[in-house]
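Sequence order for the protein chains is A and B.
End of the first sequence sits at 683 in the numbering used here; the numbers just go up one at a time, nothing left out.
End of the second sequence sits at 683 in the numbering used here; the numbers just go up one at a time, nothing left out.
Be a bit skeptical, because a hint or two may be false.
Identical chains blur together in the list; that is why a pair holds if it fits in one copy or across any two.
20 Å max Cα-Cα, derived EDC-like pairs, lysine to aspartate or glutamate [to be verified]: (1) 651 x 523; (2) 683 x 610; (3) 651 x 610; (4) 683 x 638; (5) 497 x 210; (6) 683 x 655; (7) 198 x 145; (8) 683 x 640; (9) 644 x 323; (10) 35 x 673; (11) 213 x 312; (12) 237 x 34; (13) 651 x 524; (14) 651 x 520; (15) 644 x 328; (16) 659 x 599; (17) 126 x 69; (18) 189 x 520; (19) 651 x 124; (20) 189 x 73.
Simulated from the structure, these hints should not be mistaken for laboratory data.
Protein chains: 2
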Amino acid sequence: MEKRLNSIQLNNIKIEDEFWNRYTDLVTTKILSYQWDVLNDRVENAEPSHCIKNFEIAAGRARGDFYGFVFQDTDLAKWIEAAAYSLASHEDQKLMGTVDEAIELIADAQQPDGYINTYFTIKEPSGRFTNLSEGHELYTAGHMMEAAVAYYNVTGKDRFLKIMCKMADLLCETFYSEEYKHAIPGHQEVEIGLIKLYGATGTRKYLDLAKAFIDRRGHKPNHLEEERKKETWKDVFHNPDPFIPEYSQCDEPVRIQKTARGHAVRAVYMYAAMADLAYEYDDKELMTACERLYEDMVNRQMYITGGIGQSGIYERFTVDYDLPNDRNYSETCASIGLALFCRRMAQITHDSRYADTMEKALINTVIAGISMDGERFFYVNPLEVWPDNLLPYTSMSHVKPVRQRWFGCACCPPNIARTLASLGEYAVFTGDDSLWINMYMSEKFDVNIHDAHVVLSQKTGMPFKGKTSIEICSDKDVSFDLMLRIPDYIDDCSVRVVFDGREISLTMDKGYLKLPVRIDAGNDALEIELSFDIPARFIYANNNVRANAGKVAVTKGPIVYAMEETDNGSNLPAFAVDTNAGITEVWDNELFGGCMVLEVSGTRSENEDASKDCLYGIKPPREVPAKMRLVPYAYWNNRGEGEMLVWMRRK
Amino acid sequence: MEKRLNSIQLNNIKIEDEFWNRYTDLVTTKILSYQWDVLNDRVENAEPSHCIKNFEIAAGRARGDFYGFVFQDTDLAKWIEAAAYSLASHEDQKLMGTVDEAIELIADAQQPDGYINTYFTIKEPSGRFTNLSEGHELYTAGHMMEAAVAYYNVTGKDRFLKIMCKMADLLCETFYSEEYKHAIPGHQEVEIGLIKLYGATGTRKYLDLAKAFIDRRGHKPNHLEEERKKETWKDVFHNPDPFIPEYSQCDEPVRIQKTARGHAVRAVYMYAAMADLAYEYDDKELMTACERLYEDMVNRQMYITGGIGQSGIYERFTVDYDLPNDRNYSETCASIGLALFCRRMAQITHDSRYADTMEKALINTVIAGISMDGERFFYVNPLEVWPDNLLPYTSMSHVKPVRQRWFGCACCPPNIARTLASLGEYAVFTGDDSLWINMYMSEKFDVNIHDAHVVLSQKTGMPFKGKTSIEICSDKDVSFDLMLRIPDYIDDCSVRVVFDGREISLTMDKGYLKLPVRIDAGNDALEIELSFDIPARFIYANNNVRANAGKVAVTKGPIVYAMEETDNGSNLPAFAVDTNAGITEVWDNELFGGCMVLEVSGTRSENEDASKDCLYGIKPPREVPAKMRLVPYAYWNNRGEGEMLVWMRRK
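Build the full structure now, drawing on both the sequences and the hints.
Below is the structure:
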């Protein structure tokens, strides 16, 4: 395998982008303080979190009972992780003080042997590691490890890191013991945490334990089945269904799995760890499994929005080409996990197609997960919504017509926060002699290449407008390859390099345009002008996707567009698009603080008899000419409740 | 209100029809003995019933524990009801002996105070009537009453009738007591049973109790909510959801309910009772409620197949125009209940539109519920099936790609049996001076009109072919109106009456063609030739039905047609119908023992690149000319597992 690329250190990048900062700024200006209030139960009308209170009780600072899901601790973990990333770009002593206090609280809640988990500490102290399929202890530990590493990387403070190493040491001791030699987590995530902990500390056993968890998975005896037969097993979720190995991707060894299956978040978190481990152990078989699962997911089970997990029940994958538009789950967290997996695959393979998918997931489903005011969130991301039929206690009750303030099970909001706050890690990669631009955004960053301190600034109109200019300067003479991702959605691209007269040979390598640049310390900055042709396009689904037969979607660049009731009136499925009539692009300066609106035309069907009071008849509907206005899918439901539709009927 | 019409006594009608006897004969030749074996746990590979065993334990004849659903007793009740109807047309001493033995078993299981219910007798003897929302005691009693009345009406034997009167007396005593003065059944059905018991015995208090149950419903205090607050309440179903008044149609008084709501079977069983009570008490307000609920159901919430209950979760109605084709529940029992309601409405109002709906439900969804070999059954009746995505533990797990042998919860199979065995009650009504033909089928029946014994025989090719001949003779001179239903699906109709030269004036009255006939005892039989023009038709849904936008269905007469994979290959949504190309009717003598097949043409889409291994692209699919073969929806899945589709895309 080639040498893996690294994400840029967040301390070294500053994003100042018209499109992205609309969301990323929310983390600093709103979400962190709002979510901190939620964790402390200070937000009215939001479901109680009790997260901090649980830690206080476990730490002996307060009395009371545990409240919340078994994985409630992860809300604090993800909040600290997001806070850490935010501190990388925005100095904030008060926030750092709050985090430090939270870390002391965690330290106090840690048991003498290193164990941390408020649910088991408070409610089931003798029940540790007895219900790995439902207990989420390892999942929770994984998120805590990620947070500890993030805070250490940004601030250099190792207090939290050491706390989590102590927990990781306990896990190593436990999960290599005879009793637990087949044990695996019920919800994958600790693997990512352990790998990151290894990255920060160099402690090899952490990496090895992550590998063991992956290698044990799907073999017999299946610990998650066996633990249920023991006297020590306690029912946590009161789920009437039997244990379903497929749900946790442990029905067969991961190396031979050919299809993405089971709970979508579990799946992609595992794939992300598998990619890391394949690289670390130079394990080509495991890498092949990653590629195969990626292909199945992206080419047969992924929504055009980068959403995954088609079933509302069990939030899971179903089968190839089953992509219903209205009843799907497509959890925000699953798209976050998909981006995590794809980022690793891009870094390991240097192949831009993974970055294409990563961008699709981030720019459509992940930011759809949060309202533009930063206060409301979607878990579930359907591609077609008719608010009237989203009734509680029906097959559609998991789909919400409007974003919610905060959920009892609050995985998505803090996950969105940590993802937005670490956007730079997705945008820019670095190699030994190379610099990789994956996502075009207006930004400035500096990196050291050999001895040289290189500063790159980018100004771009992407994703709506293709014009991008890059300036690079260096304090020393330096040569490196600038790798510019050529996204899969552009028609044409022109590059103009303002250079000192030297010949420059442009080549394409796995979707990246390679510019071998040499910068002399004394000279003016190297200037590169990129011009992408990003046409708005009609997109057709594979014919095997039954849900999209006869339908068409509209995209511009990575952005999927949708019709909303507020622009088009109700009954959106009544519209049919004439694809021959083309797509008109209209820049609207007011809408969403500046947005490219797309317009298409076609027909709208109406009852022949307008007041038709029966369901079925022999008269076909009347077709009247119509124009339709489309906005980015991610922006839907920022203007009140109403219908939304991505896949439109084709005339 | 006009005088209510009666259904013909089943002892007096013999159906010998090519279309219907294919199903009705199954009851006598197969289902009754098969189901008796199931009730006795003698069928391999079927889920255990334990129904008879429960009665034996409750009767003290056997030892053991109760097994099954709380309403397991209803399986025996519906079986006896079906057996009774079968005995009306097929003498069978052995069957009658079996029924009599079963009745003695029931008698032994009855408690000294009249109480009958094996679940509570065995498991919760002190818990009677403490959990009316889930316990199904009254529901079970209702089915037992219906069975008792059926057996009494056919055989004249009153042993079972008296048993159930004793139970009904206990109910009257209990449910007029102070403690239960607001009590209502959680699952409606006892109302129908009590009304029938009143019909058989004339005991007015039974009718009054049924009325009280209807009138109490939806008022505060809601007994079903209050009972949960008592110490005596025991959780039966372990449902994590709170009590949902709407689910049991008790969120508001039934008289002011404007929309069909909640669990579909509960709803239609209640509407059937409401119609009876509206008539018995000359209660116009209640009749108006029936009409309003009928309109909402049939004009805004019913599938073209007569299926109702759109949500897989809670088997319930959702909202107007929400008619998804693939994930719906549309329980077979709900369509049976719809037919029960419509039959009563037709008898009370003399309006044929109710018979139109009744026929639609029976001829499409109800017979779809049973395989042609009588051994397998559908609970759930979607209009679009793709077997690949019907996975367990997903949003689609309630939909089955093939009929099942017998269910743990076995409401549908015996319900189908009792419905088929009583088909005559739907086909022919009688008035004081009138005879009503509702459903055309080859049959012979005799009725007394005043003093005359009138015999009518009918030969018809319906529903596939419109030619129908009727002969009537009488042993005495008699005059009466022959009322012939003119279904809503015919284009034209010609009537030729071979008569003795007298003038005959034909008039239409609420969808019935009125023939005032006079028959002289000595003369030849009166002959009537009817010729219905029943064209195959394209049907369009109301434009508000989002799921059917751009789609078309095909019907012939009351029969809804469907594409099956076995005739058309896989990926049925890839087909698009050219409605201008018309519909070809082809009689196939071999298929299903004689069936009208319909052929339409249009296109079939294919991936531009046949092996296209990606989900989304800019090339539209290629359209190739195609012919499609359609068979009656009710017949689907009688030739192996495969896709099925009713609503086709329109080219």
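Hints, verified against the model:
For a Cα distance limit of 20 Å, the shortest separation of residue 651 from residue 523 across copies, 14 Å, qualifies, whereas the shortest one inside one copy, 44 Å, does not. When the C-alpha separation of residue 683 and residue 610 is checked against a cutoff of 20 Å, the pair qualifies both within a copy, at 5 Å, and between copies, at 13 Å. Proximity of residue 651 to residue 610 under the C-alpha cut-off of 20 Å is restricted to the inter-copy arrangement: shortest distance 15 Å between copies versus 23 Å within a copy. Taking the shortest alpha-carbon separations for residue 683 and residue 638, both the intra-copy value of 15 Å and the inter-copy value of 17 Å come in at or below 20 Å.
In this assembly of identical chains, residue 497 and residue 210 lie within 20 Å of each other by CA distance neither inside one copy nor across copies; the values are 59 Å within and 76 Å between. Taking the closest pair of Cα atoms, residue 683 and residue 655 come within 20 Å of each other both inside a single copy (10 Å) and across two copies (14 Å). Taking the shortest Cα distances, residue 198 and residue 145 sit within 20 Å of each other inside one copy (8 Å), while across copies they are farther apart (69 Å). For a Cα distance limit of 20 Å, the shortest separation of residue 683 from residue 640 qualifies both inside one copy, at 18 Å, and across copies, at 18 Å.
In this assembly of identical chains, residue 644 and residue 323 lie within 20 Å of each other by CA distance solely across copies; the values are 18 Å between and 53 Å within a copy. In the homo-oligomer, the alpha carbons of residue 35 and residue 673 never lie at most 20 Å apart, since the shortest distance is 49 Å inside one protomer and 51 Å across protomers. Taking the closest pair of Cα atoms, residue 213 and residue 312 never come within 20 Å of each other, the shortest separation being 22 Å inside a single copy and 73 Å across copies. With identical chains, the CA atoms of residue 237 and residue 34 are never at most 20 Å apart, being 24 Å at best within one copy and 87 Å at best between copies.
In this assembly of identical chains, residue 651 and residue 524 lie within 20 Å of each other by CA distance solely across copies; the values are 17 Å between and 47 Å within a copy. Taking CA atoms no more than 20 Å apart as the test, residue 651 paired with residue 520 passes between copies only; the shortest distance there is 15 Å, against 44 Å inside one copy. For a Cα distance limit of 20 Å, the shortest separation of residue 644 from residue 328 across copies, 13 Å, qualifies, whereas the shortest one inside one copy, 45 Å, does not. In this homomeric assembly, residue 659 and residue 599 come within 20 Å of each other (Cα to Cα) only inside a single copy, at 10 Å, whereas the closest approach across copies is 39 Å.
With identical chains, the CA atoms of residue 126 and residue 69 are at most 20 Å apart within one copy only, with a shortest distance of 15 Å there and 76 Å across copies. Taking the shortest alpha-carbon separations for residue 189 and residue 520, neither the intra-copy value of 41 Å nor the inter-copy value of 80 Å comes in at or below 20 Å. For the identical chains of this complex, residue 651 and residue 124 are neighbours neither inside a copy (67 Å) nor across copies (51 Å), given an alpha-carbon limit of 20 Å. Taking the shortest Cα distances, residue 189 and residue 73 never come within 20 Å of each other, neither inside one copy (28 Å) nor across copies (70 Å).
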